[in-house]
Amino acid sequence: MTIKIKKTQRQGAVLFSEYKRGEGIKQALKLGRENILFELKTSKLKGRGGAGFPTSTKWMLTAAAKAEEKFLVCNADEGEPGTFKDRVLITEYPELVFDGMVIGGYTIGAKKGIVYLRGEYEYMLGELLTYLEQMREDNLLGEKILGKDFNFDIEIRLGSGAYVCGEETALIESLEGNRGEARNRPPYPVNTGFNGRPTSVNNVETLAAVPHILIKGGEWFATHGTDKSSGSKLFSISGDCEKPGVYELPWGIKIKDIIKLVGAKDTKAVQVGGASGICVPESQFDRTLGYEDIATGGSIMIFNKDRDMIHILKNFMEFFVEESCGQCTPCRIGNVKLLEGVEMIENNKYTFGYINELKELGKTMQVASKCGLGQSSPNPFISILDNFTDEVFNTKRNGANNGK
Amino acid sequence: MLVTEKNSLTEEIEELCKEHGNVRSALLPILQAVQKKHKYVSDFAQQEIARMLDIHPVEVYSVVSFYSFLHSEPKGRNIIRLCRTIVCDISGKELVENAISRELGIKFGETTKDKKVTLEYTNCLGMCDQGPAMMINDQIYTQLNPEKAVKILKEIK
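One line per chain: the protein sequences are Z and F, in this order. In this text, residue positions in the first sequence follow numbering that gives the first Met the number 0: the first is 0, and each later residue adds one. In this text, residue positions in the second sequence follow numbering that gives the first Met the number 0: the first is 0, and each later residue adds one.
One or more of the hints may lead you astray.
[What the hints assert, rightly or not] Result set (DSS-like, lysine-lysine): computed pairs, CA atoms no more than 30 Å apart in a straight line: (1) F:Lys36 / F:Lys112; (2) Z:Lys242 / F:Lys150; (3) Z:Lys313 / Z:Lys242; (4) F:Lys17 / Z:Lys110.
[What the hints assert, rightly or not] Facing chain F, according to a computed beta carbon distance under 8 Å, are these residues of chain Z, among others: (5) Glu77; (6) Arg156; (7) Leu174; (8) Gly176; (9) Phe318; (10) Glu322.
Source of the hints: derived by calculation from the structure; they are not laboratory data. No residue lacks a Cβ here, since even glycine has one placed at the ideal position from N, Cα and C.
Let the hints inform the model, and build the full structure from the sequences given.
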């Protein structure tokens with residue numbers, strides 16, 4: 000009844016394609032640092048957490064930084080509502096994630112890798128530690144890896160239930176033993192990260208793509224997906240559909256194709272990118288997922304015609320009120336005000352004038368908040384009120400209406 | 000707190016500091032270990048940790064109060080955290096919530112009189128494809144319905 004780790008047979012073009020543990024590390028040590036960076040640049044791999052920063056640039060900057068020690072951090076603080084791809088990668092494909100970390104450590108010149116695993120995933124810890132022990136036995140971790148002059152080891156640190164720690168500077172603060180409050184940037188972690196040392200923080204999925212790129216080549220990777228969004232993406236699909244789960248799909252796929260793929264019926268809305276993402280109404284289901292149109296970390300939540308959009312929005316705003324770290328005013332106060340606005344609509348005690356002011360407040364939060372949490376938390380508020388005007392303001396609720 | 004209890008807690012924290020190091024970056028792992036064993040981090044424990052890491056006790060308290068899995072007040076021996084994020088919410092969370100609440104005779108946010116169970120909500124557990132989901136201590140249970148949830152409650156010691 001509890002979740003046990005089991006490997007399921009998955010199929011996919013890139014991440015879920017065949018890979019043997021250690022292959023990527025061997026290839027990396029053969030290629031050398033410059034060639035690894037070159038392959039990554041050719042692959043056009045972008046960070047899979049959602050922000051989409053080019054991985055080759057991040058690693059190049061960390062590699063170029065001069066310091067006594069450097070760190071590679073694997074961001075496994077997967078807290079975005081509706082996201083569970085990292086859970087699948089870490090439990091079913093640890094070889095990709097950990098080999099990716101070793102390769103990253105080699106490339107940037109780090110001796111230590113840290114996995115920041117969210118507290119909710121503590122149940123995985125035992126098996127992961129055993130896995131790392133096996134890697135040490137096979138000389139894929141530790142001193143003189145595969146006989147080369149390269150030392151690297153991985154430590155797993157647990158989070159303690161704070162969504163904001165998925166933001167890279169908040170994550171570093173948490174590793175240092177502080178409250179998970181985001182830092183001002185610059186300086187960026189690539190120069191001043193964990194304990195003031197150069198640190199590259201990478202998403203689990205980004206690291207998992209690296210071994211494949213080294214083995215099959217950057218050009219091969221770039222043939223998948225689209226021009227600006229190369230490779231494939233893991234989508235965590237949940238909500239009103241027959242086959243929820245993690246799917247590896249090429250970038251550039253249309254929302255309507257996803258709906259068909261997972262067997263969703265009477266779909267009214269698709270929330271792309273989790274609570275901090277945007278809500279797409281039926282009229283826009285031919286939009287594509289990728290950096291050209293809707294960029295996302297991969298959370299897809301499907302809602303059918305029976306769902307009440309105000310109920311959904313309220314759930315999201317309650318989430319942000321609770322998870323805001325409270326450090327900067329736009330986010331701390333702004334989210335509370337937006338939630339109050341949603342409650343006003345729920346109780347029919349709103350004026351359009353005030354709701355429009357709240358939308359303006361949302362836009363202010365998008366520019367004035369210190370970190371990604373407050374910058375993106377108004378997204379559902381604005382997109383649900385804009386895209387589902389009819390349902391929210393003109394008719395009885397409880398899913399009687401299809402939205403715009 | 001009895002003097003003997005205090006002494007054993009101090010010894011425990013000394014051991015943890017040996018294991019994780021007397022450095023600020025060891026604070027979270029130390030707190031997590033104390034939380035796991037005692038189900039909360041008492042004022043005394045916070046002071047001892049602060050003393051050994053050579054930081055102000057308020058620094059320790061600020062960290063304890065920030066993270067939702069760390070508590071400064073006593074909790075039940077088992078902490079049940081029910082996911083309340085939207086996908087679990089629309090897959091029948093409310094039925095499970097009511098069933099658990101009825102069975103234990105307490106509301107969410109409360110602890111049973113015998114200190115066996117504390118009920119809490121949590122945000123997304125990353126089990127949206129198998130909702131509704133809940134966490135009991137560090138284990139996760141999925142695809143719950145009222146009957147299944149109550150059956151799981153019975154297994155708690």
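Going through the hints against the structure:
| no. | hint | result |
| --- | --- | --- |
| 1 | F:Lys36 / F:Lys112 | holds (20 Å) |
| 2 | Z:Lys242 / F:Lys150 | holds (27 Å) |
| 3 | Z:Lys313 / Z:Lys242 | holds (26 Å) |
| 4 | F:Lys17 / Z:Lys110 | holds (22 Å) |
| 5 | Glu77 | holds (6 Å) |
| 6 | Arg156 | holds (7 Å) |
| 7 | Leu174 | holds (6 Å) |
| 8 | Gly176 | holds (3 Å) |
| 9 | Phe318 | holds (6 Å) |
| 10 | Glu322 | holds (7 Å) |
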